[in-house]
Amino acid sequence: MHIDESTPIQLVYHAGAPDERVVVRFPQGYGDVAVFGKEDAFLEAAMKQIGIVIPPAKRKGYPECERSPVQRAVFLKNASFGKAFYEIYFVENMDPTRFSWKRI
Amino acid sequence: MSELNIRLHNIQVIANLEVNERLQVDKKGRLKVATGLSKLVGSIIKNIPKETEQATVDLAKRDFEKIEFGTDEYINFQKRLSALHIVSQGKQEEIAFIWYDRRFQNLVESGVKDRVAEAIVTAEICEDKSISEASKAPLLPEATEGGTSGSYFLKNRAGKKIGVFKPQDEEIFMPNNPRGHEAKYFEERLGPRSGHIQGTSFLKEIAAYSIAKGLFDHVPLTTKLEIPFRQKPNSDSVIHKRGSFQAFAEGEPIEVLKTEQIRDMPVKEVQKMALFDLMVGNSDRNMGNALYDSNEGVLTPIDHGLVFLDSLDWMGGFPISELNCQWVVWPQVRVPLDSELRESFLNYDLEKKCQDLGALEISEGSIREHKIRIIFLREALAKDLTLAKIAQLCTQTEEDSDRPNFLEAIVREVMYSLLDEDLASDEEEFFRRFIEIIKQKL
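Residue numbers (this note's numbering), protein chains in the order written: chain A, 1 to 104; chain B, 105 to 546.
Rather than coming from a laboratory, the hints here were simulated on the basis of the structure. Please note: incorrect hints may appear among the correct ones.
Computed list of lysine-lysine pairs in DSSO-like fashion (alpha-carbon distance at most 30 Å, straight line) [stated by the list, open to error]: (1) A:48 - B:362; (2) B:362 - A:38; (3) A:48 - B:493; (4) A:38 - B:372; (5) B:487 - A:48; (6) A:48 - B:372; (7) A:60 - A:83; (8) A:102 - B:362; (9) A:77 - B:362.
Hey, can you work out the whole structure from these sequences and the hints?
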């Protein structure tokens, strides 16, 4: 499935199972606004408060970190949050056997 | 020695065999107690003539048959004969399996929990190259899903997964990383976090376990291992990889829990993990790195490859690791610290633990940072700050993303003051000033 920044997608837990739930939606693609599900309120709060730490070697792709030598994380309010969530947070932290990206 | 005497000698040796002892056979078919597992395996495989091997088994069987079926003596001899079988007929894998079973049983009988015993025995097998060679088929690792580093499930003799092995050379930005994050060279900016050097995550895992051991005992057994890997499937070519092994723990990752389920987790369990993360400077406590067993109400922190710094740069750069813990937004850390946890922490023997870390080859920078964090925590808890508040003081948050966090700023301030007075290498003076400023500013 080809996904780019403008592909409307959502992250689904246990797709197809009775306990399926949508964790986060990017209705306009991950280059745009994120909408978290109410069952993942703490994940949303964490993304807002402490964000996603970008590994030093990858900070070039994130303008917020490039602009400031001090900023190491991308936060929910930042423009590149969706990109960080899709390309870094999901890849580094989430179990792909339980969570998967689906087109909306 | 006549055949009869050999038989009597063998029976005597078998009868006196202790559970932990193993047998060897000399060229005349006489048994003796082995002194070491490696020696045993080597001598069995290489030195026992086939005819002697068979004769020994025959001798034992003949005597064994004289014993009445079903009696205690029969059962005892059956057990003891299995030891003889190890020596005389066992293939390499059988040797490892039988030893594995006996060692496992011994541990369980001595009060060790099953899953811990499994992990210990597997670890021991893996640390003995001759045995791990022998058991390479059952220990052939199975790659885990997801993540940025190579990690593999280790299974026990029944095929059940008992833990995860993470080889050093497959960590993120290491040469053999299998997830598309390989790097052929070392460079400071290639660490997984600022101040973390490539290829040190496996040591961090072991260091974190060392900190928790005897304090909270909530981190699963973690140990350094070297295990055999087939270079390609079905290949006889085996290489040994060094890395960390962490035993499995029960529970579901927090990331699958709903908001209410997270809210309902026991306060003490959450605080235990949070306090631990503050002690080790965890840069990666995301919701996949903690398991919750809702039946037991137990929270188990896992995956500690991103704790501490590798070097504390006294001349600039990042002076302290980037704490990043998602529990900071949970309600359990916004209430006062549990009194038992507080007491355990206050009794923490920092000097002893730092010595332990040194023995584990943890870098001086990591040890220094650990001291900074413990001193900071002591002062912060003395002011009755909650764990959430303490975490905010040493985390980059949305509000202060354009400047160093509170703790980082203080470390920098002390470092610069030392530099100004040409005292940059005076660690004692650093801590004296650090404590003084912390007391003032908290």
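Here's how the hints hold up against the structure:
At most 30 Å may separate the alpha-carbon atoms for a hinted pair to count; residue 48 (chain A) and residue 362 (chain B) meet this at roughly 18 Å. With a C-alpha separation of about 9 Å, the suggested pair residue 362 (chain B) and residue 38 (chain A) falls inside the 30 Å cut-off, and the hint holds. Taking the CA atoms of residue 48 (chain A) and residue 493 (chain B), the gap is near 16 Å; set against the 30 Å cutoff, the hint holds. Taking the CA atoms of residue 38 (chain A) and residue 372 (chain B), the gap is about 25 Å. The hint holds against a cut of 30 Å.
For the proposed pair residue 487 (chain B) and residue 48 (chain A), the alpha carbon gap of about 27 Å is at most 30 Å, so the pair holds. Of the supplied pair hints, the one linking residue 48 (chain A) and residue 372 (chain B) holds, its CA atoms being roughly 25 Å apart against a limit of 30 Å. Among the hinted pairs, residue 60 (chain A) with residue 83 (chain A) is consistent with the structure: their alpha-carbon atoms are about 13 Å apart, no more than 30 Å. A C-alpha spacing of about 20 Å is found between residue 102 (chain A) and residue 362 (chain B), which places the hinted pair at or below 30 Å, so the restraint holds.
Straight-line distance between C-alpha atoms of residue 77 (chain A) and residue 362 (chain B) comes to about 23 Å, which keeps the hinted pair within the 30 Å bound.
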